[in-house]
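Residue numbers (the numbering used here), protein chains in the order written: chain A, 9 to 126; chain B, 4 to 116.
Honestly, I wouldn't trust all of these hints.
Said to hold, decoys possible - Just the calculated beta-carbon pair ranges, DEER-fashion:
#: 1; chain 1: B; residue 1: 54; chain 2: A; residue 2: 87; range: 34 to 44 Å
#: 2; chain 1: B; residue 1: 45; chain 2: A; residue 2: 35; range: 15 to 25 Å
#: 3; chain 1: B; residue 1: 44; chain 2: A; residue 2: 9; range: 26 to 36 Å
Claimed, not checked - For lysine to any residue, the following SDA-like pairs were computed, each having C-alpha atoms within a straight-line distance of at most 20 Å:
#: 4; chain 1: B; residue 1: 45; chain 2: A; residue 2: 114
#: 5; chain 1: A; residue 1: 65; chain 2: B; residue 2: 5
#: 6; chain 1: B; residue 1: 74; chain 2: B; residue 2: 6
Source of the hints: derived by calculation from the structure; they are not laboratory data.
Quantities reported herein were computed from a predicted structural model and do not represent experimental measurements.
We put the CB at the ideal spot given by N, CA and C, even for glycine.
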Amino acid sequence: NAGVTQTPKFRVLKTGQSMTLLCAQDMNHEYMYWYRQDPGMGLRLIHYSVGEGTTAKGEVPDGYNVSRLKKQNFLLGLESAAPSQTSVYFCASRGGGLAGGSSYNEQFFGPGTRLTVL
Amino acid sequence: QQQVKQSPQSLIVQKGGISIINCAYENTAFDYFPWYQQFPGKGPALLIAIRPDVSEKKEGRFTISFNKSAKQFSLHIMDSQPGDSATYFCAASTGSTLGRLYFGRGTQLTVWP
Numbered sequence: 009n010a011g012v013t014q015t016p017k018f019r020v021l022k023t024g025q026s027m028t029l030l031c032a033q034d035m036n037h038e039y040m041y042w043y044r045q046d047p048g049m050g051l052r053l054i055h056y057s058v059g060e061g062t063t064a065k066g067e068v069p070d071g072y073n074v075s076r077l078k079k080q081n082f083l084l085g086l087e088s089a090a091p092s093q094t095s096v097y098f099c100a101s102r103g104g105g106l107a108g109g110s111s112y113n114e115q116f117f118g119p120g121t122r123l124t125v126l
Numbered sequence: 004q005q006q007v008k009q010s011p012q013s014l015i016v017q018k019g020g021i022s023i024i025n026c027a028y029e030n031t032a033f034d035y036f037p038w039y040q041q042f043p044g045k046g047p048a049l050l051i052a053i054r055p056d057v058s059e060k061k062e063g064r065f066t067i068s069f070n071k072s073a074k075q076f077s078l079h080i081m082d083s084q085p086g087d088s089a090t091y092f093c094a095a096s097t098g099s100t101l102g103r104l105y106f107g108r109g110t111q112l113t114v115w116p
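Please put together the full structure from these sequences, using the hints given.
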């Protein structure tokens with residue numbers, strides 16, 4: 009049981025280049041999230057998905073696109089990278105469903121992708 | 004507009020001391036308040052969480068105190084250890100099944116031996 013994995017771990021891009029970050033989870037979770045973490049800013053939600061084939065915008069969606077073609081995968085795309093997108097990106101997943109104990113709210117995070125845009 | 008405000012930004016505590024991190028919120032619809040712990044180079048991991056029907060929850064050396072009327076909650080780390088040195092995030096979410104978490108900006112805790 010690997011939990012939440014992210015690919016790649018590090019990446020350096022030039023301004024204007026594109027790339028896709030892959031998130032995979034093996035917990036059969038319905039909900040998946042993409043966050044970015046910047047110093048002093050906490051974790052900010054970029055996009056999220058409440059199930060296969062669905063996506064929705066979070067707090068800071070501009071410049072990013074996402075797709076959830078398979079339940080276990082959530083892809084984050086940067087079409088034309090900008091220096092402002094230099095950040096650490098975290099993917100998370102959550103079981104969801106009907107309320108049970110507080111654990112049903114728990115989000116499980118991946119190890120992160122450190123992206124630098126020059 | 005920041006949904007959850009966290010303080011302090013950084014905290015230095017001596018080994019054996021008590022670490023206290025505070026958070027405040029405005030949205031009264033929030034009904035789940037977790038704390039996440041993050042070590043350098045790792046993703047955040049759930050540490051402890053509370054719902055507003057209780058005023059306190061304790062797990063080992065970690066305690067959440069919740070004040071519903073003041074819309075504040077705090078994390079207390081008793082007998083702080085160097086291994087507790089990490090960044091701590093408070094968060095909040097509503098009863099919606101979307102489970103979207105609103106995070107505070109984080110507190111970097113350093114525990115000196």
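Okay, the hints, checked on the actual structure:
Range check, residue 54 (chain B) to residue 87 (chain A): Cβ separation about 40 Å, and the 34 to 44 Å hint holds. Evaluation of the 15 to 25 Å hint for residue 45 (chain B) and residue 35 (chain A) yields a pass: the beta carbon distance comes to about 18 Å. A beta carbon spacing of about 21 Å between residue 44 (chain B) and residue 9 (chain A) contradicts the range 26 to 36 Å that was offered as a hint. Between residue 45 (chain B) and residue 114 (chain A) the CA atoms are separated by roughly 17 Å; this keeps the pair inside 20 Å, and the hint holds.
A threshold of 20 Å between alpha carbons decides the hint, and for residue 65 (chain A) with residue 5 (chain B) the separation of about 17 Å falls inside it, so the pair holds. Distance check on the hinted pair: residue 74 (chain B) and residue 6 (chain B) sit about 12 Å apart at the alpha-carbon level, within 20 Å; holds.
Comparing the model with each numbered hint stated earlier shows that hint 3 is the single one that does not hold.
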